[in-house]
Structure formats: structure tokens, C-alpha cells
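Asks: Note that the protein sequences, when read in sequence, are chains Y and P.
Under numbering that gives the first Met the number 0, the first residue of the first sequence is numbered 0, with each subsequent residue one higher.
Under numbering that gives the first Met the number 0, the first residue of the second sequence is numbered 0, with each subsequent residue one higher.
There are no misleading hints in this set.
Computed footprint of chain P on chain Y; a stretch qualifies when at least three of its residues, placed anywhere within it, have a C-beta under 8 Å from a C-beta of chain P:
#1 48-59
#2 90-98
#3 153-163
#4 184-196
Think about it this way: if two alpha-carbon atoms lie no more than 27 Å apart in a straight line, the pair counts; the simulated DSS-like pairs of lysine-lysine are:
#5 P/13 / Y/96
#6 Y/96 / P/627
#7 Y/259 / P/1041
#8 P/938 / Y/254
#9 Y/102 / Y/134
#10 Y/64 / Y/102
#11 Y/102 / P/627
#12 Y/254 / P/1036
#13 P/142 / Y/137
#14 Y/259 / P/1036
#15 P/618 / Y/64
#16 Y/64 / Y/24
#17 Y/259 / P/938
#18 P/190 / P/26
#19 P/13 / Y/137
#20 Y/199 / Y/170
#21 P/430 / P/862
#22 Y/170 / Y/134
#23 Y/254 / P/752
#24 Y/199 / P/13
#25 P/227 / P/811
#26 P/142 / Y/64
#27 P/345 / P/923
#28 Y/64 / P/627
#29 P/27 / P/430
#30 P/495 / P/615
#31 Y/254 / P/882
#32 P/752 / Y/259
#33 P/347 / P/495
#34 P/142 / Y/102
#35 Y/96 / P/142
#36 Y/259 / P/882
Sample of chain Y residues lacking proximity to chain P, with all beta carbon distances greater than 12 Å (derived):
#37 23
#38 24
#39 68
#40 102
Hints listed in this document are in silico derivations from the structure and should not be mistaken for laboratory results.
Here a beta-carbon is modelled for each residue, glycine too, at the ideal position from N, C-alpha and C.
These are the residues of each chain, in order.
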Amino acid sequence: MKQQDINACDKSRIKRNNDTPDNKKVKALVLTGFGLNCDMETAYAFELAGAQAHRVHINSLVSGKADLNDFHILAFGGGFSWGDDHGAGVIQSLKLKNHIGEKILSFVNQGKLVIGICNGFQTLVNLGLLPGIDKDYKSRSVALTWNDCGNFRDQWIRMTVNPDSPCVFTKGFQTKISDIELPVRHAQGKFVTEASIIEKLIENNQVVLRYADENPNGSIYNIAGICDSTGHVFGLMPHPEAYNHYTNHPDWTRKRERIKRAFCKSDADESIRANEVSEDRSLTPGIRIFVNGVNYMASKI
Amino acid sequence: MVNKMISCIEIALKPELLDAEANGLKKKALEYYNIDIQDGRTVNLVTIDADLSEAELELARNQIFTNPVIQISSLVLNPSSSLTSFVFDTASHVFDTDSHALDTNSHAPLNIYFDWCIWVGFRPGVRDNAASTAMEAINDLLKRDFAEGEGVYTSKRYCIKGADLTRGDVEKIAGELLANPIIQQWKIFSKDEWETKQHTVLAIPKVALDHEPSFEIINIESDEMLEKISHERNLALNPRDIPVIRSYFLNDNVVKSRREAGLSGKDSNLSGNSDSENCSKNETVEAKTAIEGPTDVEIEYISQSRSDHCNHNTFRGIFRYHDPSTGENVVEDNLFKTYIQEPTLKLKEEKEWVVSVLWDNAGVGSFDNDHNYVITGETHNSPSNMEAYGGAITGIVGVYRDPMGTGLGSKLIMGSYGFCTGPIDYCGPLKANLHPRRLLDGVVEGVKDGGNKSGVPTTFGQTLFDEGYMGKSLVFVTALGIMPKKIGERPSHEKKTEPGDLIVMSGGRVGKDGIHGVTASSEVLSENTPAGHVQIGDPYTQKKMHDFLLVARDEELFDFITDNGGGGLSSSVGESAMISNGCEVWLDRVPLKYEGLDMWEIWVSESQERMTIAVKPQKINRFMELSKEHEVESTVIGKYTDTGKLHIKYHDKTCAWVDMDLLEKGFPKWEFDAVWISPTQRGFTEPVLKEPHDYNTLICDMLSRPNICSKEWITRQYDHEVQGGSVVKPLVGINRDIPSDASVIRPVLDSVKGLAFSQAILPWYSKIDAFHMMTCTIDEAVRRIIAVGGSLSHIGGVDNFCWPDIQYHPVKNPDGKFKAAQLVRACRALKDSCLAYGIPLLSGKDSMYVDGYLQGKYGESIKVSALETVQFSVTGVVEDSTKCVTLDPKLPGDLVYVLGSTSNELGASEYYELLGKTGLNVPKVCFDRFKVIYRALEKAVSSGIVASAHAIGRGGLATHLALSAISCGLGMEVDLSKVPLDAAKPDCAIPDNADGANQDNSYDVSQNKNGWQIKNTMLLFSESAGRFIVTIAPENKTLFEKLFSGMACRCIGKVTEDHCNLVIKGVYKDQGTWHHGQDTGSHEQDKNSEIIADISIESLESAWKSPMGGLI
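Only chain Y is shown next, with the shape it has when bound in the complex (with noise of 0.2 Å):
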């Protein structure tokens, strides 16, 4: 029993990707506390792209136990920061910014990557390190606010990656990949901001996903993610990390269905499409976008 036991434990679990010497050394952070939830999970993807992934309470950040300098990737995960009781990621932003914007900035200026999701997304534009039009960190020109619905929804939804993009996190998805689909889980990710600031962004290319078949909360341009202008600040309202494993897709269970008939009866493209699935079963969408991130920073140390 006990035997059984074992082995069927080290068969179930799951090989890490980019196992690499080079990824190893790249150290993110990944900030926890006052009611953030998604560490553990966006922990996990950094750790599956190959990083060391440290959960940071942000009063360790705050307090200096913690040094930012020691990390090359700042990830600001979903969640409810102090409830969201005075607009999402609104104290966060200003928690950070009264004890350790400095510190911040200058991390940013290093080249090094910062990514937002979701609460994280709304804590970055907050912060004013979103937009980031032309390297400015400090101006809180864009916002996210309550979906149109005016409710909490959670959906998976498909969106179209920009690939002219600099951001760094959506690199690999150039080449074959044009679309991503994740679930969205928010109540307030309708961004919004004037018009110039739009024209701005779409110039020069700091879109980096935009919802492409339903728009879940009345952004304007169905926007779901931005980065700055260098592509090293990327914010995004879906979760990335909620897709690391191949069974996260609502469809998993068909697409295995096809698969398997795919083998049987030598269809052609039912065979290619059998390709596509394996190739995100040995790493989902979700993992390729912590994959870049990671890739990138290992390339620059």
C-alpha cells in the first residue's frame, strides 16, 4: 500500500521547463501580504519557467529585511490588496510608493522586469509605472475601473498578442502564436483613460493584448494588457499563472477526446491540431509568458 503509494506520487508529479543553469540564476520576487492571493501559483509559474521564485511579504520590502537589488523580476500578483475598499490596488500603489518608490524606479531603470496581474495590473497603473509613456514612471494617467456588468466575473476569454510589441513577456508569441486564452477574475478591469493617451499607446505599440472575441468589461480598444516603452513593465488583468498546467483549459477534456481519435483515424489536421495540444501540454501559454520574462533577464546576467 505504502509502496503503491510512492510510486504513484512520483509518477504524478509534474517536470519543471527551462531547467536551464543560465534561468536558474535569475531570482524573482513575488510580493505577498494584506490580502494578495495569487503568490503561491505565480511562485509556481516563475519556478516552472526555470527562476528562483521568493514570496516577499511587503512589509519585508517596507522594513528593508528584504532588498529589492537582490532580484532581477518584481512580480506584483492578483488578489484583493486591503480589500479593494478604496478602488483596486489604489493603497498598494500607495504603500509602495510612500516607503520604497525610490528603490523601485530604480529597479525599473535597471532594465530589470516588473509584470502586474490583474490586482497587480491595477497596483502598476496606480503607481503610474503603467503606461509609462517615454520612460515616465510617475504620472497616473490611465485606470482600471468596474466592469460595465458592474459584478465580479470569472471567464476565460481568447485575446490577440500584439506582435510588434517590445514587451519582453510576450516575445515568444511572434512567431507562431497570435492569439492567448486565459481567465479573466475581476470585478474592476475596465481600463480607461483619454483619448490622446490611447493614440499614444497604440503608437507605439504598448497594446500588448486586447480581448478578441467578447470584451468582458467595456474596456476601451478591448484592452487587457500594456507594457511601457521599453516592453519591461508589463501589466495584463488576465492570469497567466491560473494556466500552468494543460488541464486549466475548459477544453482540455475535448481537445484530449480529438487527440486520441486523431491517433486512431490518421487525420490530417486533426493530427496537426494533436501537435499544437502536446506542444501546450509540455508548456501551456500561460507558463510561456513567465518563460520569456525569465529567458530574457537570464540573457541580460
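Keeping the supplied structure of chain Y fixed, place chain P upon it in accordance with the hints.
Replies: Chain P only, in chain Y's frame:
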């Protein structure tokens, strides 16, 4: 010292931006009350009662409360320092408010046009989460702490345009849509009233208790006196307990030891004494002291721990069960022991994976070599019926503390919900405290905020409607956690308190909220139920505590942890002190929300988000340091001892001194008469029905039934993928909108091991027999988990009973004996099912008073009791979650099978309910026959030959074929003549009828009387248990049928590519061959059948979505 200022920051969205909140209000006002609001805007108010300079306030306004991109705001200053605030009247739990009109010469409020303005704010003492985060932010920004008595309060102002709106309309909007008087207060302004400077109410709901904390001695000179006091103080003491309580406190030794402890009765000048014979000298003293009563702290402690909620007196009671139909006469002593404890302990012996059951806050099962999972389920009915949002959020956040307080504490990994309310479109005469529609809106939102903000995925849930729930609606909440098998060297599921350990309280502060919640839930709802126990949970504070405690656990900083739920410290400290056999509590150290609470209130308050933890003195410093780092408040409030006494002090004064074993001191068991009246004796019969002609409409109408139709609007509001382990989601199918049989998550991300979870609630069968309600409920839960890839070898159960009052009373509860018999039968069924399927009960709870008194059309009061209801939750470990299956058929050409046999079991079915009937033939579970099929399906799933599997539940085969068709977006052709029948139940076998009437295709039933005409509806809508719809690839046919050879399993049709309709062939000829369940081995059309239903999946989908599709 600056003059105390009260100021208000008003914030609104820029005019050009859509105001979703106001739009929602507009929508509801129109849909619910046909009140036409032309336009509306929401203004958020942050009222600050603190010595802040204008500059500081402006800084806060700009930095914290105003987003320059989307918001406008204004700082309204009020120089007046003579502001009267609320007075909190402790006696009656009501608040006098003197709201304050302010002079706005300084700064004006936002100038937003309206015809009517509704201001809504909290009542004093009601949890204001946004205010506390605002204070945190202001603290951090201005580097200044709020002084004693200073505070922040949030409220809202709704600016409504609508030329034709009357004050009555606006009152309705305020009272029915925006505010609940139990926790909120509102003011309405017409345009003119506003302009004549009556505007901007700055009523700050500050709790001002002008009260010196004290305790008093309870007069126990007679049973009557104590009973009277019990009523006055809302102690809900059981009359049978009263003599026991008195004799304890009148006992000489007790009196002596209490006096030594400093509890002298000098203020007691009562005379007369029962047992002072044996006292010789200073008789007067003895006479006095002998009738010294307990303190109110002690009597409250006893009341809490003896309450049915904490002590489960009903399940541990004595039932005199009588069944006239069989002549059975038995005394059931302790249902819990016989039907829950014994089978579970037996199964624990047999099943290696069962780790810890029956004693802790939640049950523990083994997940893998390194982890255990933890599960428990709760109900939060009474509070939710008073304040739906507050009750529900408190419920979900509260049940999440149970896994946190199980063993040495676990990390939360998922939650689920079960809502049972009256029909949301109810328009009858009965006036529920909250209309079912409003109640449902509230509980849905409460569980949303509680679950989502806790960062826990809500992966499963059900919503039911029945008029019986108008008396008391049910809110089930279930929580699962995971923990490493070992913390250091210690097994994580063990914990203990030892003498010398410090008692630490972590998390929220204590206020008057939640006082007597436990005793209230142990009563039938009445106008006397104190609103004081209604609270608003604070998931943010609890999430911080959750994260902190997991770190503290892994640093091995504590040896015991439990949550503060029902009964507050009284329960958590009282129970944990049993282990060390004593404690000394310093109540004056307990951090309070506001001064002026009496000792007993501090002791029993149910203020939320608190854990009680035992920390060794040498570890307390590190514990406190870590707590500070996570900004969680922790306080040492006493120490565990081995004195055998519960000793409570306030400063140096003793206010409680009772023996730890007091509760075992011969309190009498509760007793019930239980008399079973069989359905036949009750006059139940099968309805006399003939075959319908319009099956298409019938099937669509079934799909539109409230208990069948789509409730996607609820599921979508719940984050079901946070933590990144979602494998089988609550909604599946090509359009991701069909409720899944069960959910599966990967709680350990680098493993493909899965945790499957499902639930069932089938209260309708209780109309006929609660025994079969229970077996069917458990069977459906089991089938659901098997359908996604679970295994009978590992199924853990959680039983949540919700029962109407079973204590017979000729006037108040004349059918109490029958309801008691229903409970006994349900418990018997529970044991049978658990032993048959091998389900240990990892956890369970009971809520025994789901009745309410509603006012009727003529002002009369009517008692409404809910159906005897059980929510049964099951969990199972899936070795390889990549083998899980979903219910949606996958590809055209696939074969459609029905597993399990169908009988004439339409009793209490959805079909009969549609026709306004109940019937008699309730579905029955045949465990042994079903188990064989479940095992075979397990094999089929794990061998990968099953494309889809779906448990057939409420609404029968037709309903679930329709859902399958919708879920794959393809057509289906099935033949009812192929559906396996139950030969063992003759009442469902098709009679051999050679008479010519069968030859003609007419449905003129007058032509034959053999009764086969009803068979189509029986096959379509019977709710026989033990059945699945399974689809497979044609190439797997032989293999699949080999697996099920000799079992009720037949191919009834196929998934089609040439059309997108559900096409059903009926029976109208002798189908004698069925008796042997033989399969012709072909699925081509049977000459004996003709098409009775042909519906496009679009029509099916729109019928299924129409009732609630528009809700958000």
C-alpha cells in the same frame, strides 16, 4: 489641541463615465418594483472624525480617495465640534440617532443633479470594512495613529433622477434595495430639502457606551426565577437544565470554593434556603451564601455550551420511535453515536486514508504521502435571514476558520455553497423578513465577497427554491484545506493545550456584535430574535491572519489552535481548556472595538476573524514579532492551567469560577417522541395521468423550472480558479455553461493528483419519506464524483442536516412527532448509505430549527417549516487528474449509453411537481446493484474509453439528455425503448399486451387500458437513482460493453453530425424483451418506436436559460 473636526470626503466617478452601481440599482428598481429611475449616480462618502488639519485632509483626499483619471471629489469641512453622535442603548439593542446638518460655507459637497438623494450609512457597531482600510491608509500616509475615540466611517449617497418618482418610490428603493434597517440607516432628501441646507448628513455611527463594565449575580432562588431570567437575558436555557444548574451552584462545596475564589454574595440579600440542614454555626452566613447565584458570566458560559448549536442536544437526545404500520417501538438513545460515530469509526479502521474524525473543527483525510486534506461544512441560516449579505459573508468567512483551526492549521484550498430560498418570483401573501429575491441577491453577494477576497476558489455550488424555505432560508457553506502531514516532527492533525501555555487571541477585536448568535440559531425565528447577532465578515483581516498563522505554524510557534465562532471565547477557550483541565482568563486584556462592554459580553461575543491559540511562554516573543510583521493583532489573554477550574478575572476581580467538568454534571438528555406515519397512511397515491401529446413543450418547460434552469449568473461571480489548480470547473461544455457533476482541483501544483468534490441536496423526497431523501441524496453525491473520475475506494462525506423543529407541542408544533420520526429515519439511512458505499463522515453539522413565523394577508401569523433537508458533500482523491472526464459528449458519431435501470419512480419528482402532484413512488437506492456499476464505470474511466459521463439527477433522463446535447452543441438521437428497466420492480415492467390497440399509432388512451401509455413520461422523467448518461467512441463499443456485461447498461442512441436536434423515439408497443435487458447490439432505429420529441438545441438552451439568463 486642535478643535475636534468632523469632515467628509465625497467621491464620485467623472460624469462621462458609466456608473455600474447606479445602473444596477436602476435595473433592479425597474425589474423588482417597476420603478423607473431615469438616471443615477453614486457618491461615496468617507467621514473622518479626527484631529486632522485641512492640509492633511486634502492630502488624504488626493492621494488615497481620489483617482484623478476617473474620479471627482470634494472635501466637506465641518468646523462644528458640537456634533452629537449615536447613543448605543445596550438594553434594547436599538440606536438613537441624532444626525447632523452641517454648515457648508467652507467646502460644498459634490454638485450632482438629482430629483431625490438617498443617503445610506451603517448603524453603530456594524463592521465597516472600508472604513478600517481607510484608517490603515491614512495612518500610513500621514504617519499618525488614530487617537482613542477618533474614527473613520464610510457611507453612500445615491443621486437619483426621475421626474415622476414619488417619496414612496424612493422610500421603497432605500428600504428594499439599498439598505437593511438591521445594519443600516438612511435619509431621503428631495431636491428642495437638500437645497434648504438640510443636506449632507454627517451622522457618524460612533458607538458611545456610557457604561462601567461590571458583572452581576443571577438570582437562582427558584427554577421559575432562573427560567424568567433565561427569557429576559435571551439565554435560551432548556427548562430541563435549570434544576441541574441550580443544584450545582447551591452545592455546599461549590459555594465554599467559590467564596474562597472571592465570589462572595454580599450584595445578595435573599432569604430562604433549600439545603442548609447540615450547617451548624454561622447559619446566617450559610443561609446567605447557599443561595448565592452564579455570575452572569458563568450563566452565559453555561447557556452557550449547553446550546443545541454547540452541544447537539438533539442528535444526542433520546427518541421514542414508533411506527404503527409495522408496530415497531424502539428507544433511540443518541442518534449521533449510533448512526454517525459508530459507522465512521468502523470505516476509519478499514480505510487507511482516514486520518482524523469526529473531534476537531474539521475532518482530516490523506491526500498524498506528504499532505492531508481537511474538510467541514456549516450552515449560517438565522443571520442570513435577518441580513442576507452580512449573514452569508460571515458564514463563508466563518467556515473558512474551521480548517485554519484544525490540527495545527491548514491552508484553505476551496469552498462551496448551497442556497435554499423561497421562489424568487414569489408574489403570494406571506411576508418574509426579506423577500426571497432580495435574500438570494444578498447571500450570493455575501459568499462572493467572502470567498473571492479570501483567495479561495469557490468551485461548486447549488441553488434550490421551495416555498418551505420562506420561513427560514438555508445557507450552506463548505470549506476545504490542505496541510503537510508533519509540522517538524509532529503529526499536523494533533494538537493539545498544556498547563502554562499562554492563551493568545489573534485577529479581530471584540465588540457587541454577534452576542447570542448561537442561542438565536437554536431557536425558531421570531420577532424577538435579537438583531445584535447580525454581523459583516471581514475577509481582508482574516486573509492576513491566515497567511500569518501558516508561517507561525511552520516555525512551530504554537501547539494548539482553534477558531472563535459560535460562543466566542466562551467556546474556544472553554473547550481548549478541557484538554489542559483548566485556565485562567484575564478578560480586561481582550482588545475591544470600543469601551464599555460587560464581562459576559466580552466572554460570549462572536465578533469575527478571531482565533484562539496556545503558545509556550518561550515562543511568545517570536510569535508576537511575526504577528506584528503581518499586521495582525495578537494578545495574550490568559493561561492554561490544570486546576480543574475555569477561572475568569477582570483586572483582579474574579467573575467566573466553575469546574471544567461542570458540563458533564448530569445534564438531562433531551427527549423526543417520534411517530412515523407512512405515506400510504398519509393518503399518498400515484396521480392518475395519461400520456401527453406535446413532449417538445413539456421537455422545454421542465428545463425552465427554477430548480432545473441555468444559474450561471451565480457561478460566474465566484472565482473558481484562484490558486491555479482548476481541473474540472463548475461550468463545462462547449459554451462553458453547463453545471458540472463535480469539481476537481490540483491542490499541490507540481502534482497531477486531484481532489474531486461534489454535493447533493434533494429535499423534495422528504415529502414522502426522509429515509429515501437521505439515501438518494448520498447516492447522487457519490455518482457525481464517480462521473468525473472519483473512486469508491476513497469517498469522504460531510452531512449537513437542516430540520424543522421536532419537539412536539400540541399548539406550537403539532406535527413535531412526525418530523422527529423523519429525522430518525434519515439517520438510519445515513448509516446504511455510509456503510454500503464506505463513506466515513469526516465532518457534519445540524441546524435544527428551520421554521419561521410569517405574516399573512390578514395580519395573521403562519408558521412555515422547511422540508427536511440534508446537504451531503463528498470528496475524493483522484490519482491522476489528467484522466478526469466531463459531462459533455465530445464528437459526432459517439454512442450514447444509459447505465443503471429506470423504474416507475416519479414520486416527488420534478415532473410531478410541474403538474402539482406529489405521488408515492419515491426513488429507492439499491446499494449493492449500484456499486457494481460504479466500480465498472471507474474502470472504464481510468482505462480512458469514456468520452463523457453524467449522473442523471433531478428532472430525469429527458432533462439530462437535453443538458448533454446543449453541452456538446451537437444533435442526439435516442430511443427510449432501449433504456434499461428495472425488472426487480414489477410496477415498471411493460405489461405484455397482445391486444390490437397497440398496432395503431394513435395515443387515444381510451383504446387500451394496459397502462403502457404512461411509460414514455416514466422513461423521460422518472428520477430513479443509480443512473448515468455515458458517451463513448464507437471503436470502444465492445470493450465498454464487456466491462458492463450482465449489468443495466444499454446503448440508447448516438451523437449526430447531420443535425443539431435532440430526437427522442418513444415506446408504443410491447417491449417484452426489456425484462431481460438484452441489447440487440445495434443502435439503428427500432421499428417499434416513433419519434415523440424533436427539439433543436437552440430551443432547449433558450428554455433552460430564459428564467434567470438575464441576471448578473
